[in-house]
Amino acid sequence: DVKVTQSSRYLVKRTGEKVFLECVQDMDHENMFWYRQDPGLGLRLIYFSYDVKMKEKGDIPEGYSVSREKKERFSLILESASTNQTSMYLCATKGGTHGYGYTFGSGTRLTVV
Amino acid sequence: GQNIDQPTEMTATEGAIVQINCTYQTSGFNGLFWYQQHAGEAPTFLSYNVLDGLEEKGRFSSFLSRSKGYSYLLLKELQMKDSASYLCAVRVPQTGANNLFFGTGTRLTVIP
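Residue numbers (my numbering), protein chains in the order written: chain A, 57 to 169; chain B, 154 to 265.
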């Protein structure tokens with residue numbers, strides 16, 4: 057089974073801090089994704105990546121950037137955290153046996169104070 | 154944009170059957186997925202439909218009608234542990250990718 061690991065389960069950061077959220081997958085999948093999930097809004101795509109050093113904007117990229125230096129690692133960066141970025145962040149990879157659906161990491165609940 | 158609609162909340166009784174509907178209007182279609190998400194946890198895969206009809210997997214079944222832009226997830230013999238959010242997601246072909254777009258989820262509460 058694909059394993060997607062997010063480095064932190066809970067994070068508390070101050071406004072203006074630079075924040076790194078890390079995601080690692082162990083199945084050599086090309087496609088990786090970052091979503092945020094908010095009550096009433098569902099999952100919204102922030103950025104995704106097809107391959108190393110490639111990145112594409114999703115629906116809500118403002119205030120975020122990403123890095124994919126190695127195939128297994130996809131990092132989400134909040135350049136200057138703001139309170140409206142308090143959310144649950146989910147990393148996912150595409151592939152495997154389920155019709156090429158997504159496998160999600162356990163999520164990082166970020167609170168910006 | 155992509156539009157995927159599902160009810161916000163549903164309540165059902167332990168042992169009963171519940172049907173969660175999902176309608177979609179998307180710029181393309183390349184499959185529909187249902188995920189289950191317990192509070193505070195990651196979504197986990199439940200089912201996948203790409204052709205019209207019913208897919209059955211134990212107590213869970215999922216139906217798709219592409220011409221109507223409609224799917225449902227059917228849960229039988231409800232158990233308390235089925236209390237969770239159920240997410241409908243449509244895979245949409247886009248330039249260079251087939252990305253998943255999610256509905257806002259249906260929070261199901263199973264009562265004794």
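Among these hints, one or two may not hold up.
Each pair of labels, with its calculated beta carbon distance range [to be verified]:
no., chain 1, residue 1, chain 2, residue 2, range
1, B, N183, A, V68, 33 to 43 Å
2, B, E194, A, I116, 35 to 45 Å
3, B, G168, A, D82, 19 to 29 Å
4, A, T139, B, Y223, 21 to 31 Å
5, A, E135, B, E230, 44 to 54 Å
Since the hints were made in silico from the structure, they are not lab data. The model shown is predicted, which means the values in this text are computed figures rather than measured ones. Note that beta-carbon positions come from the ideal geometry of N, C-alpha and C, so glycine has one too.
Outcome of the hint check:
no.	hint	result
1	N183(B) / V68(A): 33 to 43 Å	holds (39 Å)
2	E194(B) / I116(A): 35 to 45 Å	violated (22 Å)
3	G168(B) / D82(A): 19 to 29 Å	violated (39 Å)
4	T139(A) / Y223(B): 21 to 31 Å	violated (39 Å)
5	E135(A) / E230(B): 44 to 54 Å	holds (49 Å)
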